[in-house]
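Residue numbers (our numbering), protein chains in the order written: chain A, 1 to 288; chain B, 289 to 610.
Everything labelled a hint here was simulated from the structure, so no lab data went into it. Among the hints, a few may not be true.
[What the hints assert, rightly or not] On the chain A side, residues computed to face chain B include the following (Cβ under 10 Å): (1) His152; (2) Ala232; (3) Ile236; (4) Thr240.
[Unchecked claim] Straight-line C-alpha distance at most 25 Å; calculated DSS-like pairs for lysine-lysine: (5) A:Lys189 <-> B:Lys436; (6) A:Lys123 <-> B:Lys436; (7) B:Lys343 <-> B:Lys523.
For glycine and all other residues, C-beta sits at the position ideal for the given N, C-alpha and C.
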Amino acid sequence: MLKDIFTKPKKKKYATIPSENAKNDVPEGIMTKCPNCKKIMYTKEIRKNEKVCIHCGFHHTMTSPERIKSLVDPESFVEINEDMTSLNPLNFPDYMEKIEKDRQKTGLNEAIMTGTALINGHKVVLVVMDSRFRMGSMGSVVGEKISRAIAHAEKLSVPFLIFTASGGARMQEGVLSLMQMAKTSTALKKFSTAGGLIISIMTHPTTGGVSASFASLGDYNFAEPGALIGFAGRRIIEQTIREKLPDDFQKSEFLLEHGQLDAVIPRNELRDRLTTILAIHEQEDISW
Amino acid sequence: MVNELEFEKPLVQLKEKINELKKFTADSDVDLSMEIEKLEQRLAKLEEDIYINIKPWDRVQIARHPERPTTLDYISELFDQFIELHGDRLYGDDHAIVGGVAFYRGKPVTVIGHQRGKGTKENIRRNFGMPHPEGYRKALRLMKQAEKFNRPIICFIDTKGAYPGKAAEERGQSEAIARNLFEMAGLTVPIVCIVIGEGGSGGALALGIGNHVHMLENSTYSVISPEGAASILWKDASLAKKAAESMKITAPDLKELGVIDQIVPEVKGGAHRGVKDQAAQVDSVLFQSLRELSKLSSDQLITHRHEKFQKIGAHTVLTEML
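Work out the full structure: start from the sequences and follow the hints.
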């Protein structure tokens with residue numbers, strides 16, 4: 001009826017749920033929605049900006065290949081131990097299937113890439129964790145690859161640089177995962193005693209056994225803005241102390257204020273800052 | 289003239305008078321250039337009188353001048369690519385002490401210093417340059433790092449003292465200061481300390497165990513502030529001026545007592561009158577120190593530091609008195 005034109009349409013009685021097909025109408029990856037400011041932008045645009053939101057500066061998670069590409073001199077990364085893969089020492093149900101699934105998903109054999117690279121001409125051993133693979137959790141392979149990378153850095157007498165991103169120790173490998181904390185830390189001690197430079201850059205998230213071992217043992221501990229860094233999970237702490245925690249709890253800035261970090265470095269300044277630090281350490285001669 | 293100090297008042301008045309006359313000459317036909325010249329001569333003489341025969345209390349005023357250059361001022365003037373490093377890795381990051389790595393004349397160094405604020409807001413954030421234990425622990429952490437990588441350490445001292453607060457005591461202010469004195473004694477790299485403002489008590493000394501300790505001409509270094517001394521000795525903080533005269537807290541006094549190595553000359557009227565010129569003065573003394581110390585081995589540096597502090601003090605034996 002004509003009258004209906006002037007009245008508000010009635011509320012729909014049923015909520016419409018987009019079908020599974022409709023969801024895929026927009027090809028994946030063209031647009032990205034920032035989880036922080038909720039603004040939508042072209043994926044291309046945000047990639048160009050090193051995956052930092054162009055509106056609010058939110059740092060989106062980087063995969064390890066992306067990190068390496070954005071940080072090191074072109075073509076300078078040489079991967080080592082890339083073939084190493086997990087066993088199932090505890091015969092944990094479904095573990096191997098999950099590993100296989102993540103391998104398909106990421107194209108990586110484990111949650112970590114190690115190798116040598118040049119950063120503005122400074123040679124380093126570079127280790128980058130990847131949170132897409134079993135949430136970057138540390139099992140035997142991650143521990144072993146880190147230890148070997150440290151030994152490699154010692155052999156080459158170059159700095160050891162690690163980007164951490166991990167939920168912690170890998171549950172499926174039980175106590176062996178726990179022992180990787182010991183393995184990596186003892187390796188770092190030997191390297192450090194020999195005068196090696198250790199730089200840890202914590203990215204979102206760095207928690208549990210990883211934050212309680214190599215991630216915190218740098219001569220310089222840096223972090224990306226807004227990264228979650230801590231030992232125990234927020235929920236566990238809240239349930240234990242029966243208290244609501246502040247919003248910024250365990251964020252990089254919180255850790256900086258509490259003395260745990262040397263600096264919080266935005267991603268687009270990282271390369272320059274690292275270059276300066278590496279240059280400072282390259283100079284052996286201190287006679288005046 | 290902004291922020292003139294009490295003892296500079298006669299100078300300011302005279303300068304104002306000269307300016308008035310100049311303006312008057314410009315505006316009218318009367319030629320007063322003779323008078324102006326005379327007055328300017330008087331001004332020069334007065335300046336000399338005031339700045340050469342400067343009293344300890346006047347120096348205290350200069351040392352506390354709100355615009356006196358701070359650690360970060362010297363860092364930005366003298367060092368390249370300074371990267372500030374935060375936190376003691378234990379409890380917090382104390383903004384009353386800043387530290388980091390940088391290049392000094394092309395060579396890597398670690399530089400640490402007390403940091404006052406400029407203006408109320410920054411002063412509150414930096415707690416007026418009075419550190420808590422975490423500040424000293426941060427400083428020590430950075431010094432240990434410097435030692436590992438064989439970098440000289442440069443400390444700028446500028447504090448009224450360690451913060452006398454409840455939380456500071458709970459977290460072990462005494463231990464933090466003591467630990468620094470103890471550990472600095474054993475560091476294997478050169479340490480150069482420069483008192484750039486107030487060197488207040490243990491809070492200053494905790495960054496002060498250097499192979500060389502220098503002092504800016506108008507800075508002070510003492511066991512307690514003149515106000516504190518006056519209230520302890522005479523139960524009256526208003527006698528601070530008298531305390532300042534008798535406590536021997538100025539650079540020339542400390543040089544005579546053998547506590548410091550060199551006096552860094554200041555720009556006339558105080559460092560705040562010319563930050564760049566003052567930085568150049570600091571630069572030449574610092575460079576000279578580092579050049580001397582870099583010739584020493586690790587063991588020699590430790591021995592050098594040890595002997596330096598063992599020598600300080602005044603004593604005699606009873607028989608000699610008789």
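The hints, checked one at a time:
Checking A:His152 against chain B: minimum C-beta separation of about 20 Å lies over 10 Å; hint violated. Against a cut-off of 10 Å between C-beta atoms, the interface hint on A:Ala232 is violated, since the closest Cβ of chain B lies about 18 Å away. Annotation: interface hint on A:Ile236 violated; nearest CB of chain B at approximately 22 Å, more than 10 Å. The beta carbon of A:Thr240 is not positioned within 10 Å of any beta carbon in chain B (closest approach about 21 Å), and the interface hint is therefore violated.
For the given pair, A:Lys189 sits about 13 Å from B:Lys436 by alpha-carbon distance, which is consistent with the 25 Å threshold. A threshold of 25 Å between alpha carbons decides the hint, and for A:Lys123 with B:Lys436 the separation of about 20 Å falls inside it, so the pair holds. In summary, the hint linking B:Lys343 to B:Lys523 is supported, as the alpha carbons are separated by about 23 Å, within the 25 Å threshold.
Of the numbered hints listed earlier, those contradicted by the structure are 1, 2, 3 and 4.
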